[in-house]
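Protein sequence lines, in the order shown, are assigned to chains A and B.
Residues 0 to 199 in numbering that gives the first Met the number 0 are what the first sequence lists, from first letter to last.
Residues 0 to 174 in numbering that gives the first Met the number 0 are what the second sequence lists, from first letter to last.
Calculated directly from the structure, the hints in this document are not laboratory data.
Check the hints yourself; a few may be wrong.
Unchecked claim - Label pairs and their calculated CB-CB ranges:
#: 1; chain 1: B; residue 1: S99; chain 2: A; residue 2: G195; range: 32 to 38 angstroms
#: 2; chain 1: B; residue 1: N111; chain 2: A; residue 2: S71; range: 33 to 39 angstroms
#: 3; chain 1: B; residue 1: K28; chain 2: A; residue 2: G69; range: 21 to 27 angstroms
#: 4; chain 1: A; residue 1: Q68; chain 2: B; residue 2: I15; range: 38 to 44 angstroms
#: 5; chain 1: B; residue 1: T78; chain 2: A; residue 2: K119; range: 40 to 46 angstroms
#: 6; chain 1: B; residue 1: I10; chain 2: A; residue 2: G20; range: 45 to 51 angstroms
#: 7; chain 1: B; residue 1: K26; chain 2: A; residue 2: N27; range: 51 to 57 angstroms
#: 8; chain 1: B; residue 1: K28; chain 2: A; residue 2: G195; range: 23 to 29 angstroms
#: 9; chain 1: A; residue 1: M127; chain 2: B; residue 2: S99; range: 27 to 33 angstroms
#: 10; chain 1: B; residue 1: G82; chain 2: A; residue 2: G162; range: 20 to 26 angstroms
#: 11; chain 1: A; residue 1: I14; chain 2: B; residue 2: F16; range: 42 to 48 angstroms
#: 12; chain 1: A; residue 1: L30; chain 2: B; residue 2: T153; range: 19 to 25 angstroms
#: 13; chain 1: A; residue 1: K119; chain 2: B; residue 2: G75; range: 30 to 36 angstroms
These numbers were taken from a predicted model, which means no experiment stands behind them.
All residues carry an ideal CB built from backbone N, CA and C; glycine is no exception.
Spelled out from the first residue to the last, the chains are:
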Amino acid sequence: MLNAIWAGMILLAVIFAACTGRMSEVTNAALDSAGEAISLCITMAGVVALWMGLMEIAKRAGLVKKMTQGISPFLSFMFPGIPKDHPAREYIATNIIANVLGLGWACTPAGLKAMEELAKLEKERGRMDSSRASNEMCNFLILNISSLQLIPVNMIAYRSQYGSVNPTAVIAPAIVATLISTLAAVLFCKYKDAMGKGSR
Amino acid sequence: MRALAHISDIIIPMLIFFIVGYGYVTKVKVYESFLDGAKDGLRIVLEIVPTLIGLMVAVGMLRASGFFEMLGRVLGPLTERVGLPAQLTPLLIVKMFSSSAATGLVLDIFKNAGPDSYAGMLTSILMSCTETVFYTMSVYFLAARVTKTRYTLTGALLATLAGTVASILLAARMV
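Extracted from the complex, chain B is given alone in its bound form (with noise of 0.2 angstroms):
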C-alpha cells in the first residue's frame, strides 16, 4: 500500500521530468510547444463547459429531486435478491452520470458499512471496473460534433453489464 501510494505520488513528476528532459535533449524547442500544445488545450475545453453545465445541472437537479434514493427503495428489494445490496442501486446508476457525484454515495457506502464489508468490497471493484457512460459519451461526441451515437451506448452498457457481474462473483468470493 505505502509503496503504491508512494508510486502514484512520483509518477507525474517523473513523467514531466522525462517529458521535458528528453524534449531539451532532441533539441526540440520545448518553450513554444508547450505554448501550442496548451493553447490547443484551452480551446478544447471551452468548447465542453456547455456540455458540463448541461450536464451537471440535469444530474444535481435529479439527484436532489430524490429520485436516486426513491430507485434504490424500489429496486433494492430486487436486486438484492442478485446479490446487489440496496445501498448500491443508486451508486451503479449515479456512476453512469457523474464520477464526482457516485465518489459521494461511496464514501457514504465506506463510512456506513466498512470497506471491507460485502457492500464495501463490491462497491470498490465497481468502481474501478466501468466509467461514467453518459458523461464520456456527451463530452467525447461534442469534441467531433457528433449527435447519431449508433451502437455506441449499447456497446457500453453491455461492457458496464459485464463488469457489474464480474464484480458480483468476485465480491462474493473476497469477504
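With the rest of the complex left out, here is chain A (with noise of 0.2 angstroms):
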C-alpha cells in the first residue's frame, strides 16, 4: 500500500512536472526536503529524547501505571485482546492523554513504542507474519489518526495572529468535530473486530 503511494507521488511529481516545465523547482524541491528532513529529525531527536526520558522517571515512580488505570475502561473496549499487564497498554495510554491535552510532541515518542510492543505481543501470540498489522495496531493507528486533540492550541494562535475578532471560537466546533470523527473511527474499528471474529 505505502509502496505504491510512494511511487505514484514520486512518478505524479516529475510527470507533472515535465508537463508544466518546472523540472528545476521539482530538483530544488527534492533535494530540499531532504535536508528539511534531516533538520527535523535533529530537532526531533532532542525533543523525543527529552521526552522519553521523563517518561521513564514517571514509568519507574509509577505515574504510568496510575493514569493507565485511569483510562483502563476505555482501553478494555478499545483492545480488548492485549494482556492487563501487557506494556503496550502503559504506552498507549500515554498516547492517548498526550494526545486529548494536545502535547503533540509527547504523541509520537510513545506511540511509536506502543507499536513496537504491539508487535512484540504479536510474536508472543506466536503470528508468524510479522509483517501483518495486528488488530490492535489498525485500531491504534485510527484512533490516533481520528485526532484526539480537544483543544486546538495552533490555531487559537494562528487565527489571532491573522486579526481574529474571537480566536477562540474554534474551540467549540473542533470539539464536536473531533469527537465526530473519534466517533468514527470507534464504530468503524469495533465493526472490524466484529468481523474478524470468525475469521480465527
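Got two chains here, each in a separate frame; can you build the complex from them with the hints?
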C-alpha cells in the first residue's frame, strides 16, 4: 500500500513537472526536502530523547501505571486483546492522554513505543507473519489519525496572529468535530473487530 | 484567549516539574532513568529518519510540480457545491501527508480570506479534527516493521471524511 502511494507521488511529480516545465523547481524541492527531513529529525531527536527520559522517570515512579488505570475502561473496550499487564497498554495510554491534552511533542514517542510493544505482543501470540498489522495496531492508528486533541492550541494562535476578532471561537466546533471523527473511528474499529472474530 | 495561551505556556514546565519532583520524592533514580529513556528515544528517531526523508521528498516534489494547485483548480468547482471553497481542496490533500506543508496553506488562507470568514472558520475546524493520515501511518508502522497495513487506511480515511463533513456543517453555522 505505502509502496504504491510513495511511487505514485514521485512519478506523478516528475511527469507533472515535465508537463508544466517546473523541472528545476522539482529538483530543488527534492534536495531541499531531504535536508529539511534531517533538520526536522535533529530537532525531533532532542525533543523525543527529553520526553522519553521524563517518561522513564514517570514509569519507574509508578505515575504511568496510575494514568493507565485512569483510562483503563476505555483501553479494555478498544483493545480487548491486550493483556492487562502488558507494557503496550501503558504506552497506548500515554499516547492517548498526551493527544487529548494537545501535547503533540509527547504523542509520537509514546506512540512509536506502543507500536513496538504491539509487534512484540504479536510475536508472543505466535503469529508467523510479522509484517502484517494486528487488529490492535490498526485500531490504535485509526484512533490516532481520527485526532483526539480537544483544544486546537496551534489554530487559536494562528487565528489571533492573523487578526481574528474571536480566535477561540473555534474551540466548541473543533471539540464537536473531533468527537464525530473519533466516534466514526471507534465504530469502524469495533465493526472490523466483530468481523474478524469469525475468521480466526 | 489570554488564559488559554497562558495555560499552554505553563503546562510543559509544570509537567516536567511534576514528573521529576514526583520521581525524586518516591526515591526513583531520576537521572539514571532519564538517561535510559533518552537513549531509547534517540534510537527510535534514528529508525524513522529514512521514512521522513522518503516522505518529505515525495511531498516536496509533488508540491513543487504544481500538482496540488492544479487539483484545487480542477476539483474546486465540484467541491464548492458541497460547501468546500476551492482554496481548501489542496489543503485537504496536503494535510494527509504533511502537517508543516498544511500549515503553510492554512496561513495562506487566513491571510487571503481572513480567519473569521467562512473559508477561515472551516479551515480552523478542519485542521483541529483530523491528523496527517499517510505520515502517521508510515512512521508508526515502520516502528513495528509492518508492511501489510490491512484496514488502517480505510478506517483513517473514514474518520477524516466524518471530520470533514462535520466541519462543513459546523462552519456554516458559525459564520
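Going down the list of hints, with the structure as the test:
no.	hint	verdict
1	B:S99 - A:G195: 32 to 38 angstroms	36 angstroms, holds
2	B:N111 - A:S71: 33 to 39 angstroms	47 angstroms, violated
3	B:K28 - A:G69: 21 to 27 angstroms	26 angstroms, holds
4	A:Q68 - B:I15: 38 to 44 angstroms	23 angstroms, violated
5	B:T78 - A:K119: 40 to 46 angstroms	44 angstroms, holds
6	B:I10 - A:G20: 45 to 51 angstroms	49 angstroms, holds
7	B:K26 - A:N27: 51 to 57 angstroms	55 angstroms, holds
8	B:K28 - A:G195: 23 to 29 angstroms	43 angstroms, violated
9	A:M127 - B:S99: 27 to 33 angstroms	39 angstroms, violated
10	B:G82 - A:G162: 20 to 26 angstroms	24 angstroms, holds
11	A:I14 - B:F16: 42 to 48 angstroms	54 angstroms, violated
12	A:L30 - B:T153: 19 to 25 angstroms	35 angstroms, violated
13	A:K119 - B:G75: 30 to 36 angstroms	47 angstroms, violated
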